[in-house]
Amino acid sequence: MGISRRKFLKVTGLSALIAASGKAGFELLRPGQVEASSVPLAKGKRWAMAIDMRKVTPEMIQECKKACHYYHNVPEFGNPKVEIKWIWAEQYEHAFPDEHHEYQPIDIIEKEFPLLCNHCSNPPCCRVCPTGATWQREDGVVMMDWHRCIGCRFCMAGCPYGSRSFNWGDPRKAPKELNPNFPTNPDFPTRTLGVVEKCTFCEERLAKGQLPVCVETANKIEKGSFIFGDLADPDSNVRKALRKHFSIRRKTELGTHPNIYYIIA
Amino acid sequence: MYDGGKIIVGLIIGIGLLLSPFFYNAGKALKPPKPELTPKAKQAKVCVESLEYMRSNHMHLLDKWRQTVVRKGERYYKSTNGKTYYKSLQVTCLDCHSNKSKFCDQCHNYIGMKPFCWDCHLVPKEKK
Chain A
1 MGISRRKFLK
11 VTGLSALIAA
21 SGKAGFELLR
31 PGQVEASSVP
41 LAKGKRWAMA
51 IDMRKVTPEM
61 IQECKKACHY
71 YHNVPEFGNP
81 KVEIKWIWAE
91 QYEHAFPDEH
101 HEYQPIDIIE
111 KEFPLLCNHC
121 SNPPCCRVCP
131 TGATWQREDG
141 VVMMDWHRCI
151 GCRFCMAGCP
161 YGSRSFNWGD
171 PRKAPKELNP
181 NFPTNPDFPT
191 RTLGVVEKCT
201 FCEERLAKGQ
211 LPVCVETANK
221 IEKGSFIFGD
231 LADPDSNVRK
241 ALRKHFSIRR
251 KTELGTHPNI
261 YYIIA
Chain B
1 MYDGGKIIVG
11 LIIGIGLLLS
21 PFFYNAGKAL
31 KPPKPELTPK
41 AKQAKVCVES
51 LEYMRSNHMH
61 LLDKWRQTVV
71 RKGERYYKST
81 NGKTYYKSLQ
91 VTCLDCHSNK
101 SKFCDQCHNY
111 IGMKPFCWDC
121 HLVPKEKK
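Protein sequence lines correspond, in order, to chains A and B. Under the numbering used here, think of the first position of the first sequence as 1, with each following residue one higher. Under the numbering used here, think of the first position of the second sequence as 1, with each following residue one higher.
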């Protein structure tokens, strides 16, 4: 006899305990690392965006929104309760509630900021998704797999930036008078009822070596207003802009490490 | 047995009703539909893989494509015929097979298959 039943149970129980505590301990010390390391997308990049607020106008934000929503077949429902937004405009005090005080320069306080998914380095949405429908790629893009989304909306509760929208209705049944040519881009899918969606940093365009739609649109209006690039590369235009100018990010105290930078001065 | 006659008559009627579709359709098997090719598909002669492979495995291929594209960012498919294809149902498949109702739907309807691809993926407008 090699091993008794009692001893076998002891050994398996103990090793299971060690294995479980090992992963949990790793999770506690370096949150998100376990999930992140399991995605093989060896590009070693970190996409980020710097938005030069000195050049951004409310009209520019609206143009970007129009172009983005046109490209990604995002419908307009005409009701803020069921609104779907990938990029949108918000006032300073709502975008940066912790930075805001009443004695700040009036032109900043009254300014509209373009908001989108921050593609956080420590994304809370990915940690709460029960199906793995949203995850962080190795190049930093917080990606969504709409095939897998079950519409539980945990990610919407997890995201502190309101970057995620839920399809309360079938996007193809959005009011015709608000969406005359919907679906607008025949090369991109729509979503379906009961699925969460958000900005994907135009990953399908990045794959082709093109810039995101909002960046392209904004730079057509004013060059250098939206700067997109690789944070991992010290010589990238994003890093250069961030070195040169003072920038802020949204709700950094939450530890999500957002990757959208707003250049203020 | 109480009311034996009624029960037996009821049973006969019931079973008869249950089997009526078989009697109704007896002897006339529904012919399997033949998917129609568009001129563009005919001209290309080959799909991304051989006809036999596509016939039996197109669903597995599409599933693999969606997994690798969305989750791994691998957007090109190296076919066994040596060519490389952009992996996209909407952009690549439906470019040749732009006649969804005659190409996809006929067989899917015949076998009672309802793929949910089209809930999100757009179908090109067909000329009538």
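A portion of the hints provided could be inaccurate.
[To be verified] Listed below are the simulated PhoX-like cross-link pairs for lysine-lysine, each with C-alpha atoms no more than 25 Å apart in a straight line:
1) K31/B x K42/B
2) K208/A x K83/B
3) K240/A x K223/A
4) K114/B x K173/A
5) K65/A x K223/A
6) K81/A x K111/A
7) K244/A x K55/A
8) K240/A x K55/A
9) K102/B x K208/A
10) K72/B x K45/A
11) K42/B x K72/B
12) K42/B x K102/B
13) K42/B x K176/A
14) K83/B x K72/B
15) K208/A x K72/B
16) K208/A x K220/A
17) K111/A x K208/A
18) K64/B x K31/B
19) K78/B x K208/A
20) K114/B x K34/B
21) K173/A x K45/A
22) K66/A x K7/A
23) K125/B x K45/B
24) K173/A x K83/B
25) K173/A x K100/B
26) K83/B x K45/B
27) K81/A x K176/A
Derived from the structure by calculation, the hints contain no laboratory data. Fair warning: this is a prediction, and the values are worked out from it, not measured in the lab.
Going down the list of hints, with the structure as the test:
1. Pair hint K31/B plus K42/B holds up; C-alpha atoms about 23 Å apart against a cutoff of 25 Å.
2. The hinted pair formed by K208/A and K83/B meets the criterion: a straight-line CA distance of about 19 Å does not exceed 25 Å.
3. Restraint check for K240/A and K223/A: the C-alpha separation of about 16 Å stays at or below 25 Å, so the hint holds.
4. Taken as a hint, the K114/B and K173/A pair is honoured in the structure, with Cα atoms around 20 Å apart against an allowance of 25 Å.
5. Our distance criterion of 25 Å between C-alpha atoms is met by K65/A and K223/A, whose separation comes to about 17 Å.
6. With a C-alpha separation of about 24 Å, the suggested pair K81/A and K111/A falls inside the 25 Å cut-off, and the hint holds.
7. For the hint pairing K244/A with K55/A, the CA-to-CA distance comes to about 16 Å; that is within 25 Å, so the pair holds.
8. Proximity of K240/A to K55/A is assessed by CA-CA distance (about 17 Å); at most 25 Å being required, the pair is judged to hold.
9. A distance of roughly 32 Å separates the Cα atoms of K102/B and K208/A; the hinted pair therefore is violated under the 25 Å criterion.
10. Restraint check for K72/B and K45/A: the C-alpha separation of about 15 Å stays at or below 25 Å, so the hint holds.
11. Taken as a hint, the K42/B and K72/B pair is broken in the structure, with Cα atoms around 32 Å apart against an allowance of 25 Å.
12. At roughly 14 Å between alpha-carbon atoms, K42/B and K102/B fall within 25 Å of each other, so this suggested pair holds.
13. With a CA separation close to 37 Å, the supplied pair K42/B and K176/A exceeds the 25 Å bound.
14. Between K83/B and K72/B the alpha-carbon distance is near 21 Å, which keeps this suggested pair within the 25 Å criterion.
15. Using a Cα cut-off of 25 Å, the hinted pair K208/A and K72/B holds, with the two alpha carbons roughly 15 Å apart.
16. A hinted pair counts as satisfied when its Cα atoms are at most 25 Å apart, and K208/A with K220/A qualifies at roughly 20 Å.
17. Distance hint between K111/A and K208/A is unfulfilled; the C-alpha atoms sit about 34 Å from each other, more than 25 Å.
18. Distance restraint check for K64/B and K31/B: the Cα-Cα separation of roughly 31 Å exceeds the 25 Å cut-off, and the hinted pair is therefore not satisfied.
19. Note on K78/B and K208/A: the hinted pairing holds, with a Cα-Cα distance of about 17 Å set against a maximum of 25 Å.
20. Among the hinted pairs, K114/B with K34/B is consistent with the structure: their alpha-carbon atoms are about 18 Å apart, no more than 25 Å.
21. A C-alpha spacing of about 39 Å is found between K173/A and K45/A, which places the hinted pair above 25 Å, so the restraint is violated.
22. Proposed proximity of K66/A and K7/A is contradicted: the alpha carbons are some 67 Å apart, above 25 Å.
23. Taking the CA atoms of K125/B and K45/B, the gap is about 23 Å. The hint holds against a cut of 25 Å.
24. Restraint check: the Cα-Cα separation between K173/A and K83/B comes to about 39 Å, which exceeds 25 Å; the hinted pair is violated.
25. In summary, the hint linking K173/A to K100/B is supported, as the alpha carbons are separated by about 21 Å, within the 25 Å threshold.
26. Restraint check for K83/B and K45/B: the C-alpha separation of about 14 Å stays at or below 25 Å, so the hint holds.
27. Proximity of K81/A to K176/A is assessed by CA-CA distance (about 18 Å); at most 25 Å being required, the pair is judged to hold.
The structure fails hints 9, 11, 13, 17, 18, 21, 22, 24 (numbered hints given earlier, in ascending order).
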